[in-house]
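There are 2 protein chains.
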Amino acid sequence: MAQRHLDPGTAHTADAVLASYLRAQATEFLRALRQHRESGAAGETAGAARALRRAARRISGTLHTFRPLLDAEWSDGLRPELAWLSGTLAQEHAYAERLQRLNEALHRLTAANRGGPAGPPAPRTEREAAPPARETLTLGAAKAAALLDRQLTLAKTRSHSTALGALGSSRFHAVADSVAVLASEVPLRGEDIELRKLAAAAENRLTEAVAALHDTGHPYNPDADTPWHHVRLLLRLHRYAQEVAPEDPASDIRREENRKEDEAAHALNAHRDAAEAAGAAAQAARTPRIAPATAYALGVLHADQRHQVEAARIAFRGAWQREAVGTP
Amino acid sequence: MAQRHLDPGTAHTADAVLASYLRAQATEFLRALRQHRESGAAGETAGAARALRRAARRISGTLHTFRPLLDAEWSDGLRPELAWLSGTLAQEHAYAERLQRLNEALHRLTAANRGGPAGPPAPRTEREAAPPARETLTLGAAKAAALLDRQLTLAKTRSHSTALGALGSSRFHAVADSVAVLASEVPLRGEDIELRKLAAAAENRLTEAVAALHDTGHPYNPDADTPWHHVRLLLRLHRYAQEVAPEDPASDIRREENRKEDEAAHALNAHRDAAEAAGAAAQAARTPRIAPATAYALGVLHADQRHQVEAARIAFRGAWQREAVGTP
Numbered sequence: 002m003a004q005r006h007l008d009p010g011t012a013h014t015a016d017a018v019l020a021s022y023l024r025a026q027a028t029e030f031l032r033a034l035r036q037h038r039e040s041g042a043a044g045e046t047a048g049a050a051r052a053l054r055r056a057a058r059r060i061s062g063t064l065h066t067f068r069p070l071l072d073a074e075w076s077d078g079l080r081p082e083l084a085w086l087s088g089t090l091a092q093e094h095a096y097a098e099r100l101q102r103l104n105e106a107l108h109r110l111t112a113a114n115r116g117g118p119a120g121p122p123a124p125r126t127e128r129e130a131a132p133p134a135r136e137t138l139t140l141g142a143a144k145a146a147a148l149l150d151r152q153l154t155l156a157k158t159r160s161h162s163t164a165l166g167a168l169g170s171s172r173f174h175a176v177a178d179s180v181a182v183l184a185s186e187v188p189l190r191g192e193d194i195e196l197r198k199l200a201a202a203a204e205n206r207l208t209e210a211v212a213a214l215h216d217t218g219h220p221y222n223p224d225a226d227t228p229w230h231h232v233r234l235l236l237r238l239h240r241y242a243q244e245v246a247p248e249d250p251a252s253d254i255r256r257e258e259n260r261k262e263d264e265a266a267h268a269l270n271a272h273r274d275a276a277e278a279a280g281a282a283a284q285a286a287r288t289p290r291i292a293p294a295t296a297y298a299l300g301v302l303h304a305d306q307r308h309q310v311e312a313a314r315i316a317f318r319g320a321w322q323r324e325a326v327g328t329p
Numbered sequence: 002m003a004q005r006h007l008d009p010g011t012a013h014t015a016d017a018v019l020a021s022y023l024r025a026q027a028t029e030f031l032r033a034l035r036q037h038r039e040s041g042a043a044g045e046t047a048g049a050a051r052a053l054r055r056a057a058r059r060i061s062g063t064l065h066t067f068r069p070l071l072d073a074e075w076s077d078g079l080r081p082e083l084a085w086l087s088g089t090l091a092q093e094h095a096y097a098e099r100l101q102r103l104n105e106a107l108h109r110l111t112a113a114n115r116g117g118p119a120g121p122p123a124p125r126t127e128r129e130a131a132p133p134a135r136e137t138l139t140l141g142a143a144k145a146a147a148l149l150d151r152q153l154t155l156a157k158t159r160s161h162s163t164a165l166g167a168l169g170s171s172r173f174h175a176v177a178d179s180v181a182v183l184a185s186e187v188p189l190r191g192e193d194i195e196l197r198k199l200a201a202a203a204e205n206r207l208t209e210a211v212a213a214l215h216d217t218g219h220p221y222n223p224d225a226d227t228p229w230h231h232v233r234l235l236l237r238l239h240r241y242a243q244e245v246a247p248e249d250p251a252s253d254i255r256r257e258e259n260r261k262e263d264e265a266a267h268a269l270n271a272h273r274d275a276a277e278a279a280g281a282a283a284q285a286a287r288t289p290r291i292a293p294a295t296a297y298a299l300g301v302l303h304a305d306q307r308h309q310v311e312a313a314r315i316a317f318r319g320a321w322q323r324e325a326v327g328t329p
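Just so you know, the sequences run in chain order A and B.
Our numbering applies: residue 2 is where the first sequence begins, and numbers increase by one.
Our numbering applies: residue 2 is where the second sequence begins, and numbers increase by one.
Some chain A residues well away from chain B (every beta-carbon gap over 10 Å; in silico):
#: 1; residue: A17
#: 2; residue: G41
#: 3; residue: D150
#: 4; residue: A164
#: 5; residue: D178
#: 6; residue: E195
#: 7; residue: A201
As a list, the in silico SDA-like pairs of lysine to any residue whose alpha-carbon atoms are at most 25 Å apart:
#: 8; chain 1: B; residue 1: K198; chain 2: B; residue 2: D77
#: 9; chain 1: B; residue 1: K198; chain 2: B; residue 2: E248
#: 10; chain 1: B; residue 1: K261; chain 2: B; residue 2: P247
#: 11; chain 1: B; residue 1: K144; chain 2: A; residue 2: A292
#: 12; chain 1: B; residue 1: K144; chain 2: A; residue 2: T288
#: 13; chain 1: B; residue 1: K198; chain 2: B; residue 2: R260
#: 14; chain 1: A; residue 1: K144; chain 2: B; residue 2: A292
#: 15; chain 1: A; residue 1: K157; chain 2: A; residue 2: G41
#: 16; chain 1: B; residue 1: K198; chain 2: B; residue 2: A266
#: 17; chain 1: A; residue 1: K144; chain 2: B; residue 2: L140
#: 18; chain 1: A; residue 1: K144; chain 2: A; residue 2: N104
#: 19; chain 1: A; residue 1: K157; chain 2: A; residue 2: S170
#: 20; chain 1: B; residue 1: K261; chain 2: B; residue 2: A212
#: 21; chain 1: A; residue 1: K144; chain 2: B; residue 2: K144
#: 22; chain 1: B; residue 1: K261; chain 2: B; residue 2: A316
#: 23; chain 1: B; residue 1: K144; chain 2: B; residue 2: R102
#: 24; chain 1: B; residue 1: K144; chain 2: A; residue 2: L140
#: 25; chain 1: B; residue 1: K144; chain 2: A; residue 2: R287
#: 26; chain 1: A; residue 1: K144; chain 2: B; residue 2: P289
#: 27; chain 1: A; residue 1: K144; chain 2: B; residue 2: T139
#: 28; chain 1: B; residue 1: K198; chain 2: B; residue 2: K261
#: 29; chain 1: B; residue 1: K144; chain 2: A; residue 2: T139
#: 30; chain 1: A; residue 1: K144; chain 2: B; residue 2: T288
#: 31; chain 1: B; residue 1: K144; chain 2: A; residue 2: R290
#: 32; chain 1: A; residue 1: K157; chain 2: A; residue 2: L100
No lab work stands behind these hints, which were simulated from the structure alone.
Glycine included, C-beta positions come from ideal geometry on N, C-alpha and C.
Put together the whole structure using the sequences plus the hints.
Here you go:
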């Protein structure tokens with residue numbers, strides 16, 4: 002297999018830039034890992050785990066986008082292992098955030114029901130007054146909150162154990178060894194391909210996926226979320242590629258694009274979080290022997306989160322269309 | 002009490018125009034009543050009841066807006082009776098429409114869940130797949146539909162009996178007698194007030210109520226609906242006043258305003274219908290001993306209709322802002 006380890010100062014520019022980025026991310030990965038092992042407080046551990054995931058995602062994404070420049074067998078072997086690792090480490094945090102999101106939503110929904118500013122009383126001559134919706138919801142919301150707390154805390158605890166187990170496994174040690182190799186010598190193929198060309202291909206894949214998005218008009222269909230989740234991953238790959246091979250990093254246009262990509266990424270994260278929170282509410286509603294009021298509140302909560310999914314799509318569109326205008 | 006019955010051809014213009022409008026509506030009321038009594042088929046009866054309500058609303062609204070021109074005691078006595086009548090006659094139709102609206106929403110929600118166009122499968126490496134929401138909803142939707150059908154059909158049947166009872170009551174005969182008086186001689190006070198001035202006051206009340214509307218940010222609070230229902234009634238009064246004393250009826254601006262008021266009225270009707278449908282879903286969820294899946298589907302349905310309430314407000318704002326631009 003054609004493979005060349007970078008000898009700094011002599012290799013052509015693309016290789017040097019790519020190797021430097023990967024070495025930096027690998028070093029960051031190892032630093033975060035050391036910090037994770039040494040940390041005592043929960044907050045410290047969580048910060049180290051976040052840094053570990055962050056570096057793992059960047060290494061994995063870079064191996065993917067710049068694959069033609071790298072030893073294919075080596076990077077194809079490492080990528081799924083990095084995905085497994087960052088996926089495993091993300092779970093605990095994801096459950097904690099989901100619980101917080103659902104608690105906030107329930108609070109908002111029932112606060113609304115306890116009454117807000119009401120206008121002047123209007124004559125309702127033609128129809129009889131609507132039955133009070135608030136009682137049904139307030140009744141079930143507390144029970145729904147308790148049920149979600151129980152289920153998501155359990156899932157979080159399990160994820161914590163799984164993550165601890167993973168970090169002690171031989172599978173993880175093999176990943177850490179590979180990353181340690183990367184920190185000293187990046188397995189390059191010595192191909193003469195411009196980084197910008199590969200970064201542009203990543204951007205094209207993103208642009209095409211965004212163009213293929215369509216509003217299905219089926220706001221409650223979780224299958225329709227999939228292309229949006231896919232765009233979220235492609236946007237991430239595009240942004241990592243920009244980190245490796247930035248296009249006019251100091252220009253006003255690029256700064257403006259970065260700002261808008263931040264907004265788009267934020268909307269897609271909110272989209273993912275709302276979709277998964279809606280799923281969690283639906284799953285909780287399938288718990289046997291729950292009270293009807295609990296199930297009712299979970300139904301309202303589910304629909305509320307699906308509403309947020311739609312709102313996130315609109316926010317993404319808004320950010321993205323502004324970006325298209327800014328593109329030279 | 003100063004009161005003058007209109008002698009056509011001699012009275013001043015405002016009185017003549019007002020009396021002519023009221024006589025026409027009273028005649029229409031009596032025609033619809035005759036038709037209602039003679040009709041056999043359900044469709045015919047419903048059509049006659051609609052015409053009866055339509056005329057009753059117009060007479061009542063006109064007595065209200067142009068009150069300074071009319072015998073106050075007489076019109077203040079008749080107005081609540083007309084409101085009682087049109088309210089009583091509206092119930093049956095309202096329940097039938099509410100049931101249809103909720104059935105359509107349930108159909109839409111579960112059709113969405115049976116799957117729509119799904120995009121390409123995306124890798125979901127970081128988080129585990131969301132639990133399937135569709136099963137919970139599909140399970141409960143059929144039961145929720147059956148429950149709503151039972152409850153709203155019962156309410157509709159009761160309203161039908163109440164309406165029949167009302168039409169045979171001495172209270173109704175007194176209303177019909179008053180309207181028959183109106184068809185021949187309108188009880189005018191002989192005041193010299195321009196119709197346009199009173200119509201403008203009605204328009205001002207509408208404009209002020211619209212300006213006082215604010216988005217409460219509490220989409221689930223039915224109390225926040227009240228000012229919107231009030232605007233709906235004020236828009237109706239404004240439009241009836243325009244029928245009595247039209248402002249440049251042939252002008253392009255007026256035609257454009259009519260079109261936009263149609264849109265605004267449509268949005269406010271949708272707002273009212275969605276708010277009441279949401280209330281019906283919440284009320285059904287309070288039925289003792291329903292299955293959790295039923296309650297869950299009713300929760301989703303409630304939130305869906307509250308979402309429609311919000312959408313109707315946005316639609317109203319859109320129509321109304323365009324109208325403001327068109328106003329000279």
